[in-house]
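Residue numbers (my numbering), protein chains in the order written: chain A, 198 to 368; chain B, 724 to 1105.
Derived by calculation from the structure, the hints in this document are not laboratory data. Incorrect hints may appear among the rest.
As the list claims (entries may be wrong) - For lysine-lysine, the following DSBU-like pairs were computed, each having C-alpha atoms within a straight-line distance of at most 30 Å: (1) K732(B) to K357(A); (2) K297(A) to K748(B); (3) K871(B) to K297(A); (4) K357(A) to K748(B); (5) K1077(B) to K935(B); (6) K1063(B) to K1085(B); (7) K1085(B) to K1017(B); (8) K1082(B) to K361(A); (9) K741(B) to K205(A); (10) K361(A) to K732(B); (11) K1017(B) to K259(A); (12) K748(B) to K346(A); (13) K748(B) to K256(A); (14) K264(A) to K935(B).
What the hints assert, rightly or not - Rough simulated footprint, nothing fancy, chain B against chain A, three-plus residues with beta-carbon under 8 Å: (15) 232 to 243; (16) 336 to 345.
As the list claims (entries may be wrong) - On the chain B side, residues computed to face chain A include the following (Cβ under 10 Å): (17) K730; (18) K746; (19) L810; (20) T814; (21) E824; (22) E830; (23) T832; (24) K1082.
Computed from a predicted model, the values in this text were never measured in an experiment. Backbone N, C-alpha and C define an ideal beta-carbon position, used for all residues, glycine too.
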Amino acid sequence: MFNVTQNKINELESIIEEYQNQLFSFAFFRVGSYDTAQDIVQDVFLKFFQNKKAVKSIKNVKTYLFKSISNACVDYQRKYGKIKIIDIEYVSDKIADDEKKCIDEFIRIEDLLNELPCEQAEVLKLKFVDGLSFTESAEILNVSVNTIKSRYRYGIDKLKQIDKIKGEYYE
Amino acid sequence: MNEMIPKIKPSAPLSLKKNVINKIKMERKEMKKVTLKKLSAVAAIFIALMMLPVVFSTNSEAKAAMRLLGESIDKSDNLKTMVIKFLMLTTPNENFISIREDGSMTEHTFTVSFDNPNKWRLEKSGRTAMFDGVNSYMWGNVNTHTIKVMSNEHYVFLEDFEQFLEPQKILRNEQQLAKNDGSEITMTETKNQIMLTVTSKAKGDFTNDYSKNSSIVESDNKRIYTFDKETKLLQALTIQIFYNNKYHTVLETTSILYDVPIDMNKLVERPEGEWMSIDKGPSKNAALTGVTSKEAAKLIFTALANKNIKPVKEALTYYDEKTIKEYYGLELLEIGDSFKSGLYPGEFVPYKIKFANGKTYKGNLALRNDNQNKIWVVDGGF
Chain A
198 MFNVTQNKIN ELESIIEEYQ NQLFSFAFFR VGSYDTAQDI VQDVFLKFFQ NKKAVKSIKN
258 VKTYLFKSIS NACVDYQRKY GKIKIIDIEY VSDKIADDEK KCIDEFIRIE DLLNELPCEQ
318 AEVLKLKFVD GLSFTESAEI LNVSVNTIKS RYRYGIDKLK QIDKIKGEYY E
Chain B
724 MNEMIPKIKP SAPLSLKKNV INKIKMERKE MKKVTLKKLS AVAAIFIALM MLPVVFSTNS
784 EAKAAMRLLG ESIDKSDNLK TMVIKFLMLT TPNENFISIR EDGSMTEHTF TVSFDNPNKW
844 RLEKSGRTAM FDGVNSYMWG NVNTHTIKVM SNEHYVFLED FEQFLEPQKI LRNEQQLAKN
904 DGSEITMTET KNQIMLTVTS KAKGDFTNDY SKNSSIVESD NKRIYTFDKE TKLLQALTIQ
964 IFYNNKYHTV LETTSILYDV PIDMNKLVER PEGEWMSIDK GPSKNAALTG VTSKEAAKLI
1024 FTALANKNIK PVKEALTYYD EKTIKEYYGL ELLEIGDSFK SGLYPGEFVP YKIKFANGKT
1084 YKGNLALRND NQNKIWVVDG GF
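When you get a sec, could you build the whole thing from the sequences and use the hints?
Right, dumping it as structure tokens:
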């Protein structure tokens, strides 16, 4: 499986460099832990590389990677539920300030979205946290663009009703 | 409009790319070493055609397997040393027995010198366990602190893991299972190898499935042993567990070497300094005896909230001062009914706490009281 040339490793390095920050942030805002997010992203890159035969048929590497990370995060949450959301290391002195700030943001956004059904919360995260388009979100979640748009609208309306957000939100 | 946009976004750690590339390079190197796996596709097809699947549905077939295991045990009994390198789905700092589905295939090396008694060392990047012929030691990092513990029990730090590592134990164990257990065993042969596949159901009580798939024995698992037909020695071992509707490999040997020279000084080398013995167990504490695990958990959280752990310090025997102080001033928000799961000898108590800095955390406190003084001790879940 790993009968590879240096060129292929170089190719993977370029892909990692291009997407690692977006993917890491994506995973982090699902699992709430730097370490877990790193493990998930590393694992997805490894599987992506190992699965190189199938990779040839991938049309859009970006959405493929996001989809893989999304699935890995769902698997993780299915196994650990919300227990791991706020990782115990948070209380450690060793955690860097930036990481603490990110965890604070993670908690704030979780809190903001916690009254929405998971599907609506996820669509809002894809839009605002990850900066992805509706088309990209539809591909990642394997649903139609119209479904994404309606989940988005319902989510926004609900958040407004309960006074969690203000102002105009456009599609 | 901006409420949902994070004010700060994390950047990928510098080590991320390095880890992925190193892992690929390492596996590539390992593949070169393991010549067996370099068989061409054509040769592999021939081998597949030569395989003779045998299900142990009759006495004679079962006897053939017993004979093979017996011969292999005899051969293994004459070994002087053994070095097993394997990958396991876990994290570097996790207990050796623990599987972490969110982890990665982590390199381990198990080195044994078959003396009387055997001396051994099991290492991965975040943790090492060793038996020097007198005491066992384990050291590594857990969350924010370093652990250095010792015991005079031979395999205490490996828990059930030992049965997967020493060929004699593996074989004797499987021999026993083949006799007594409901495990399903199949045997396949190629020209040079014999493969035994043992399929077993998860052991333990999974009325609550919290511990399901947390270790090999607590999973529906399949163990595939490959023996050299001529020497009868174990050549490879793959362990798979069943989840998400299919088997996933969680342990895979990359090499097993027998009777290779071992540096005996390095085998029993360990860090200097003080070691905490786990043999004595916690001292007596009336408040933590004869109560339920939930009541004990409440007492522990109350003590941490009051920043005075004196009344329950025995329950926190395995935690260092620094870790304990991180919980000072907490507020207990929720506490649920305790439950048992899998093979864990204690109980889990669900809880939600708010730290002094305002952050909340939800977990399951693992408490056990199978010690001499029958007091509840925190064993994990912080």
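For this session: Below or equal to 30 Å on CA atoms is what counts here, so check K1063(B) against K1085(B).
Result: holds (18 Å)
Exercise. Between K1077(B) and K935(B), is the straight-line Cα distance small enough, at 30 Å or below?
Worked result: Distance ~28 Å between K1077(B) and K935(B) Cα, so the pair holds.
For this session: Tell me if K730(B) is really an interface residue toward chain A, meaning its C-beta lies closer than 10 Å to one of theirs.
Result: Holds - the Cβ of K730(B) comes within 10 Å of chain A, reaching about 6 Å at its closest.
Problem set entry | Proposed proximity, K297(A) with K871(B) (alpha carbon, max 30 Å) | holds (29 Å)
Exercise. Between K1085(B) and K1017(B), does the CA-CA distance stay at or below 30 Å?
Worked result: At roughly 15 Å apart (the allowed maximum being 30 Å), K1017(B) and K1085(B) satisfy the hint.
For this session: Under 10 Å, Cβ to Cβ, is where E830(B) needs to be relative to chain A, so tell me if that hint holds or is violated.
Result: Given a least distance of 14 Å, the restraint on E830(B) is violated.
Problem set entry | Distance restraint between K297(A) and K748(B), which requires alpha-carbon spacing of 30 Å or less | Status violated; Cα separation ~33 Å.
Problem set entry | chain A contact restraint for T832(B) - C-beta distance below 10 Å | violated (20 Å)
Exercise. Does the nearest C-beta of chain A fall within a distance shorter than 10 Å of the C-beta of T814(B)?
Worked result: Because about 7 Å separates T814(B) from the closest Cβ in chain A, which is inside the 10 Å limit, the hint holds.
For this session: Grab the minimum C-beta distance from K1082(B) to chain A and call the hint holds if it beats 10 Å, violated otherwise.
Result: holds (6 Å)
Exercise. Taken at face value, is the distance from the CA of K935(B) to the CA of K264(A) at most 30 Å?
Worked result: Status holds; Cα separation ~27 Å.
Problem set entry | Pair hint outcome, K748(B) versus K346(A) [Cα-Cα no greater than 30 Å] | violated (43 Å)
Hints 2, 4, 11, 12, 16, 19, 22 and 23 from the earlier list are contradicted by this structure; the remaining hints agree with it.
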